[in-house]
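Undergrad: Dock chain B against the given chain A, drawing on the hints supplied.
In the order they appear, the protein sequences are chains A and B. Residues in the first sequence are numbered consecutively from 17, following my numbering. Residues in the second sequence are numbered consecutively from 25, following my numbering.
Worth flagging that the hints you see were computed from the coordinates, not collected in a lab. One thing to keep in mind: the hints can contain errors.
What the hints assert, rightly or not - Heads up, simulated DSSO-like pairs for lysine-lysine below, C-alpha to C-alpha not over 30 angstroms straight-line:
| # | chain 1 | residue 1 | chain 2 | residue 2 |
| --- | --- | --- | --- | --- |
| 1 | B | Lys70 | A | Lys95 |
| 2 | B | Lys128 | A | Lys113 |
| 3 | A | Lys113 | A | Lys95 |
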Amino acid sequence: MAKTTGMGWTTLSVDDSSGTPQAILNDITNFQFSTPRAVQDVTGLNKSAIERLELLADFSITLNGVVNVASNAQHDVFKTVPSTSVNRTVTIVGNGKTLPNETLFTDYQWNRPQDGSLTWSAPGVLADGTVPTWA
Amino acid sequence: MDPFNVRRIQPIGPASRYKTYGAAAPIRTHFRKATCAEVDCVDYLKGWRTKAILVPDNVLLDIKRGGWKFVRVDFDGEEFLVFEAGQRCFRFNTHRKRLDREFKYLVADGDWRGLANTRVHTRFDFWQEDFALHQDQIKTRIGRG
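Isolated chain A (complex conformation):
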């Protein structure tokens, strides 16, 4: 393994509606990427192979963060989610390795809790059925 720094995760970018990736890592408080478990757990005795394959390609993504309305920051990216049906590439980069995901975002919400912060949430699912792999 090559030498690495302690800085770890360096980039998270999400496409805006025109397909241009925007780096929004600094606006993120929370990121989840849910994938199927190991396949042994997935396949029941009475389940068909087709169901297993569908489940294998089933991924979901959740991004949470603080609202940033500056130009090309997270709000510029997600404000078109309700109006534009477009697949967006979510890319995670760290240690020189990249994980790209073609994602369809299904919502974009703001939340203003009592502590005065203004946060947002954007859930999505994998759009093209290709398993995202680190490369």
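TA: Coordinates of chain B only, in the frame set by chain A:
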């Protein structure tokens, strides 16, 4: 886990069949309050205006006490309070800036419907390796059909 009650496409299987890789930088520990200038706040950069009729007397008093500078201007017979650029906006309290601090890297069973057995990786590369091996395993399985 899901404070927003957002709209999602339901996964095919139950939560127990999923595994989640996540990273967290909670506002309490990874962000600090920031000024308008630090976050390129639009109101701060360009100024803003509000209809005078929408500002009750007590709010007007607060605005004056808060030190905001404004002028009263008539646009088409309606009175507006026009705030000049370069002063903090009314939402200055909500501005946050990320601290230069590493995320917490998590691995857990389940998905957004419920998480269990959360493990924390101390370094990004350990989390990345775990993630990469898992994805590779799934890809191999699909390849076999």
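Undergrad: Now tell me, hint by hint, if it's right for this structure.
TA: Against the structure, the hints come out as follows:
1. For a cut-off of 30 angstroms, the pair hint linking Lys70 (chain B) to Lys95 (chain A) stands: about 21 angstroms separates their Cα positions.
2. Distance check on the hinted pair: Lys128 (chain B) and Lys113 (chain A) sit about 19 angstroms apart at the alpha-carbon level, within 30 angstroms; holds.
3. At roughly 29 angstroms between alpha-carbon atoms, Lys113 (chain A) and Lys95 (chain A) fall within 30 angstroms of each other, so this suggested pair holds.
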